[in-house]
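Q: Sequence:
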Amino acid sequence: ALLRYDPSTDRFVGYYSNKQPWVSGCRKLAEAVRITTIMLRDIFPQRFTKDSPELVMAISGGDYPAVDTTKYGSCVFKNEEAPCDESLLLQAPILHFGSVFNHPLFPNMIGM
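According to the working numbering, numbering within the sequence shown proceeds without interruption in unit steps and concludes at 204.
What the hints contain is simulated information worked out from the structure, not anything from laboratory work.
Don't take every hint at face value.
[Said to hold, decoys possible] With a straight-line cut-off of 20 Å between C-alpha atoms, the simulated DMTMM-like cross-links for lysine to aspartate or glutamate are:
# : residue 1 : residue 2
1 : 111       : 98
2 : 142       : 102
3 : 163       : 177
4 : 170       : 160
5 : 120       : 98
6 : 111       : 177
7 : 163       : 143
8 : 142       : 98
[Said to hold, decoys possible] Taking CB as the label site, the calculated pair distances span:
#  : residue 1 : residue 2 : range
9  : 105       : 185       : 17 to 25 Å
10 : 138       : 161       : 40 to 48 Å
11 : 162       : 139       : 32 to 40 Å
Treat the numbers as computed from the prediction; the structure is a model and nothing was measured.
Don't be surprised by glycine CBs; every beta carbon is placed ideally from N, CA and C.
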């Protein structure tokens, strides 16, 4: 999901793709989005005002990270210490609320 702060309305908005089925684990994602917005406002009140710039961040949640097994399946099953894709070192972070891999297979995935 994407979490966006819209300064024009002074609100956070969550976006979830309608191409992904809504499953029971998505409740954890929705709760993660809700709690994250509360924490951001409490910890950084000066950052979230009508005069602030927009903010967009990626958030995932669930019992385990959902990754493309067609692309990364062999890497995930081997569970080696190296990233599945070196280019992920340069990608935006994804805050993942739930279990994460033992090794940094996806270095831009941050366990929360």
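Q: Taking the Cβ atom of residue 138 and the Cβ atom of residue 161, is their distance within the range 40 to 48 Å?
A: holds, 42 Å
Q: Do the alpha carbons of residue 163 and residue 177 lie within 20 Å of each other, as the hint requires?
A: Given pair residue 163, residue 177 holds - Cα atoms ~10 Å apart, limit 20 Å.
Q: Compare the distance between the alpha carbons of residue 170 and residue 160 with 20 Å, and conclude whether the hinted pair is satisfied.
A: holds, 15 Å
Q: Take the C-beta atom of residue 105 and the C-beta atom of residue 185, compute their distance, and say whether it sits inside 17 to 25 Å.
A: holds, 19 Å
Q: Verify the proposed pairing of residue 120 with residue 98, using a straight-line Cα cut of 20 Å.
A: Roughly 23 Å separates the two Cα atoms, so the pair is violated.
Q: Residue 163 and residue 143: Cα distance at most 20 Å?
A: violated, 42 Å
Q: Check the hint pairing residue 111 with residue 177 against an upper bound of 20 Å on the C-alpha distance.
A: violated, 24 Å
Q: Decide if the proposed pair is consistent with the structure: residue 142 and residue 98, CA atoms, cutoff 20 Å inclusive.
A: Answer holds: residue 142 to residue 98 is near 8 Å, not above 20 Å.
Q: With the threshold set at 20 Å, check whether the alpha-carbon distance from residue 111 to residue 98 stays at or below it.
A: violated, 24 Å
Q: Quickly compare the C-alpha distance for residue 142 and residue 102 to 20 Å and report which way the hint goes.
A: holds, 6 Å
Q: Do residue 162 and residue 139 keep their Cβ atoms within the hinted range of 32 to 40 Å?
A: Hint holds: Cβ distance 38 Å, inside 32 to 40 Å.
Hint check: violations occur at hints 1, 5, 6 and 7; the rest are consistent with the structure.
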